[in-house]
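Student: Read off the chains here:
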Amino acid sequence: MNDQLNYYARRAALGLISRREFIGRALALGATAATANTLLSSAVKAAGPQPGGIIRLGIQGGSTTDNLDPATAANFAATQGNLLWGEALLSLVDGGGLAGRVAESYEGSPDAKTWRFKLRDGITYSNGKPVTSDDVVATIERHAGEDTESGALGLLRDIDTVTAEDNTVVIGLKNPNADLPYYMQDYHLIIQPDGGKDDPTAAIGTGPYILKEFEAGVRSVFEKNPNYWGDYGYASTIELIVINDNTARVAALQAGQVDLIDRVPPRTAGLIDKNPNITVHSVPSSGHYVFIMHCDTAPFNNNDLRLALKHGINRQEMVDKILFGYGSAGNDTPINAAYPLYTEFEQREYDPDKAKFHFNKSGYDGSILLRTSDNSFPGAPDAAALFQQSLAAAGIKLEIKREPNDGYWSEVWNKQPFCTSYWGGRPIQDQMFSTAYLSSADWNDTRFFNDEFDKLLVTARGEVNTTKRKQIYADMGTVLRNEGGLICPMFNDFVDAQSSRIVGWKNETPGFALMNNSAPMRMWVKA
Amino acid sequence: MGLLAKLLAQRIALGLLLLFLISIFIFAGTLLLPGDVAQQILGQTATPEALANLRAKLGVNEPPIDRYLTWLGGLLTGDLGTALTSGQNINEALFRRLANTFFLAFWAAIIAVPLAIFLGLLAVRFRDRWPDKLISASTLSTISMPEFVIGYILMFILGVKLRWFSPTAVGYRPDADLLSRLDSIAIPIMVLTLVVLAHMMRMTRAAILNVMQSAYIETAELKGLSTFTVIRKHAFPNAISPVVNVVMLNLAYLVVGVVVVEVVFVYPGLGQYLVDHVTKRDIPVVQACGIIFATIYIGLNLVADLISILTNPRLRHPK
Numbered sequence: 000m001n002d003q004l005n006y007y008a009r010r011a012a013l014g015l016i017s018r019r020e021f022i023g024r025a026l027a028l029g030a031t032a033a034t035a036n037t038l039l040s041s042a043v044k045a046a047g048p049q050p051g052g053i054i055r056l057g058i059q060g061g062s063t064t065d066n067l068d069p070a071t072a073a074n075f076a077a078t079q080g081n082l083l084w085g086e087a088l089l090s091l092v093d094g095g096g097l098a099g100r101v102a103e104s105y106e107g108s109p110d111a112k113t114w115r116f117k118l119r120d121g122i123t124y125s126n127g128k129p130v131t132s133d134d135v136v137a138t139i140e141r142h143a144g145e146d147t148e149s150g151a152l153g154l155l156r157d158i159d160t161v162t163a164e165d166n167t168v169v170i171g172l173k174n175p176n177a178d179l180p181y182y183m184q185d186y187h188l189i190i191q192p193d194g195g196k197d198d199p200t201a202a203i204g205t206g207p208y209i210l211k212e213f214e215a216g217v218r219s220v221f222e223k224n225p226n227y228w229g230d231y232g233y234a235s236t237i238e239l240i241v242i243n244d245n246t247a248r249v250a251a252l253q254a255g256q257v258d259l260i261d262r263v264p265p266r267t268a269g270l271i272d273k274n275p276n277i278t279v280h281s282v283p284s285s286g287h288y289v290f291i292m293h294c295d296t297a298p299f300n301n302n303d304l305r306l307a308l309k310h311g312i313n314r315q316e317m318v319d320k321i322l323f324g325y326g327s328a329g330n331d332t333p334i335n336a337a338y339p340l341y342t343e344f345e346q347r348e349y350d351p352d353k354a355k356f357h358f359n360k361s362g363y364d365g366s367i368l369l370r371t372s373d374n375s376f377p378g379a380p381d382a383a384a385l386f387q388q389s390l391a392a393a394g395i396k397l398e399i400k401r402e403p404n405d406g407y408w409s410e411v412w413n414k415q416p417f418c419t420s421y422w423g424g425r426p427i428q429d430q431m432f433s434t435a436y437l438s439s440a441d442w443n444d445t446r447f448f449n450d451e452f453d454k455l456l457v458t459a460r461g462e463v464n465t466t467k468r469k470q471i472y473a474d475m476g477t478v479l480r481n482e483g484g485l486i487c488p489m490f491n492d493f494v495d496a497q498s499s500r501i502v503g504w505k506n507e508t509p510g511f512a513l514m515n516n517s518a519p520m521r522m523w524v525k526a
Numbered sequence: 000m001g002l003l004a005k006l007l008a009q010r011i012a013l014g015l016l017l018l019f020l021i022s023i024f025i026f027a028g029t030l031l032l033p034g035d036v037a038q039q040i041l042g043q044t045a046t047p048e049a050l051a052n053l054r055a056k057l058g059v060n061e062p063p064i065d066r067y068l069t070w071l072g073g074l075l076t077g078d079l080g081t082a083l084t085s086g087q088n089i090n091e092a093l094f095r096r097l098a099n100t101f102f103l104a105f106w107a108a109i110i111a112v113p114l115a116i117f118l119g120l121l122a123v124r125f126r127d128r129w130p131d132k133l134i135s136a137s138t139l140s141t142i143s144m145p146e147f148v149i150g151y152i153l154m155f156i157l158g159v160k161l162r163w164f165s166p167t168a169v170g171y172r173p174d175a176d177l178l179s180r181l182d183s184i185a186i187p188i189m190v191l192t193l194v195v196l197a198h199m200m201r202m203t204r205a206a207i208l209n210v211m212q213s214a215y216i217e218t219a220e221l222k223g224l225s226t227f228t229v230i231r232k233h234a235f236p237n238a239i240s241p242v243v244n245v246v247m248l249n250l251a252y253l254v255v256g257v258v259v260v261e262v263v264f265v266y267p268g269l270g271q272y273l274v275d276h277v278t279k280r281d282i283p284v285v286q287a288c289g290i291i292f293a294t295i296y297i298g299l300n301l302v303a304d305l306i307s308i309l310t311n312p313r314l315r316h317p318k
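Chains as they are written, first to last, in numbering that gives the first Met the number 0: chain A, 0 to 526; chain B, 0 to 318.
Keep in mind that the hints were calculated from the coordinates and are not lab data. Treat the hints loosely; a few may be bogus.
DSS-like cross-link-like pairs, simulated, lysine-lysine; straight-line CA separation at most 25 Å [said to hold, decoys possible]:
1. 469/A x 173/A
2. 223/A x 211/A
3. 128/A x 112/A
4. 56/B x 196/A
5. 273/A x 525/A
6. 160/B x 273/A
Source: prediction; values computed, not measured.
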């Protein structure tokens, strides 16, 4: 029976018989429907990637105000589009670590102050011109220059010199940084001809696809780049369709108008997954939803008050009711198991007695004002209401002020002393800590000024021994968890969904949603 | 006819003055919004240096009055300028999207207006009997529901479950053949029709019923004409003025008020374009859209006035 079943599975994978026919025959051979489905999907994967066809991607975040300059890409749709036509020096690989894209290999000096990136030989841009080390230097110069608008500027501040030597680019740092290669996979730092200095929005890069049509905030169409050096890019056409409305995005997938969507609303993800032609993928991420307190503003400048609030939040309840189980409980640090050098702490639980104890010890007896809005994270006002109730049990009065979505990021976040917000996470601890918790960080949105923490961060950057670095990060986590202004109740999963028309999804890709934007070029249309 | 030309000139001059005032209000309004374009473009990833550089590049450091005057000068020469955020030419993007908006509004109007007037006539014919009550009850209940709710319901039933039409307009291409374009917007057309139907239907019904009280209608009835002929030939012409007014208001709504429907069905019209640019504080685009919308509103009202005057001898020959 098994041979016959496998034979039919292979034929179905190659498209010689239909899925329906295969299931029918499998059932006739005495297999259960579940077994048949599993068999079919593994047979499809075993048959290997099939070239050709079109993958249509329904994606949120795009806006009619977008342009094609990777330096100012600030939403998920823009990032996704840019990563189809362009590549950075490096990229994240499945299961962790880095792989070469435009750079073939890299090495650091023992003091982690000088980094050499050797470029891949003989690769060209989609306009046929060869990639040179001068282009790479120019790219870094453009993003780090005096007059830049680049979102990657924060990463490049420590760069002292960038020079081209034949086929190699040498980056000299002001201070040691063992994690510099991770910065070079940032989605802003796409290598462009002349660094994009003369034409930043030309969309000419080394990626697996070539941009054919672009209508900002509506759709873009990509055709396979016939001269692409690597093995990504199976579909001959990729269509990127911006669908910002959650219901419309799901409906378009259900009706077969698109094959792949991102950000499925957790509330309905379970229902959608019941559709036999749709698979929902829930991938643990480093993204997290937060309540942030300014450590330098009364009453939050009292650590006992901060601890009272940290003990007064019911993390598991939020995972269940806000994320509908598509996520995991946080532990008041921005770091979770998605990070390479993660150390687990004892889980902080909801404890009204401890909350009451610390609240009384703080000497504060008024109510606490929390600002929130719908766009600070999905379900934020509901989460605030849950927090209000769990604090009430500890005798702490929380007042909720609902702010408008419009202007929340410019007027409330990083301005008001206590509000709801979210973080997308970063590939490595150093980047997350230096983005938001270092005293001098641009977005130190908890106003956390801690000398010990800052010193540890700088030490870790120069420490090339991984075991020692891991211990330093653990110590930093402890400081942040016990003294910081961050209440992190939950880490959200990335919830994406695909139709059965395409295959090749991988759950172990770190980074952002849609397999860190690689899904459209690593999945293929079932023959 | 000289009188009419004078009237028309007066109305147009007034309209232009109104447009000028509106442009000032829109500009002042966008200045009151929190945050500026540089901050909105860079969002959470804004560093102080990047903010300063972008502000200088976009020219938003100049005084508001200067920016307004530059923009007004461009407008008078037919140049709406370039979008601050994307650097796109506004004329091009805006008129492409306006054409899409008109396409949707046109087909919705083609169905909604005759249907509403016909239902209104029917309601008068069967006044206070079950057809009248059924028409009123059903149209009033669809207008009472928010349009996105009707949209989601129709999307789910007709698009996802029955697969009769495309659930969303993501397949809409302006250069495709008419049939596939209509398939893309079939459900949005239905939603818009349901939303505007009640208003026009009720107005037709009320206006004709009002006329039906007149003595000359009684004469017509006594002559032995059928009720429908009386309504069609004697009552309706005298009820045109109020009906045209409400029809024009609804047509204007179909062009400028369909933002929600456009967002829900992912239709690339002007509404979505405006909302995105308001969010990003892209003032030139907001102003351009505002002026276009205001022109459409004022223009349609002008048409309504003219039709009222032409169909009413008393207004045509004022003492």
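Student: Could you grab the alpha-carbon distance between residue 223/A and residue 211/A and see if it respects the 25 Å cut-off?
Tutor: Distance ~10 Å between residue 223/A and residue 211/A Cα, so the pair holds.
Student: When you check the alpha-carbon spacing of residue 56/B and residue 196/A, does it fall within 25 Å?
Tutor: holds, 15 Å
Student: Are residue 273/A and residue 525/A close enough, with their CA atoms no more than 25 Å apart?
Tutor: Satisfied, since the Cα-Cα distance of roughly 21 Å is no more than 25 Å.
Student: Regarding the pair residue 128/A and residue 112/A, is the alpha-carbon distance no greater than 25 Å?
Tutor: Since the Cα atoms of residue 128/A and residue 112/A sit roughly 32 Å apart, the hinted pair is violated (cutoff 25 Å).
Student: Is the Cα-Cα distance between residue 160/B and residue 273/A 25 Å or less?
Tutor: Holds, at about 15 Å.
Student: Going straight from one Cα to the other, do residue 469/A and residue 173/A come out at no more than 25 Å?
Tutor: Judged against 25 Å, a Cα distance of about 23 Å means the pair holds.
Of the numbered hints listed earlier, the single one contradicted by the structure is hint 3.
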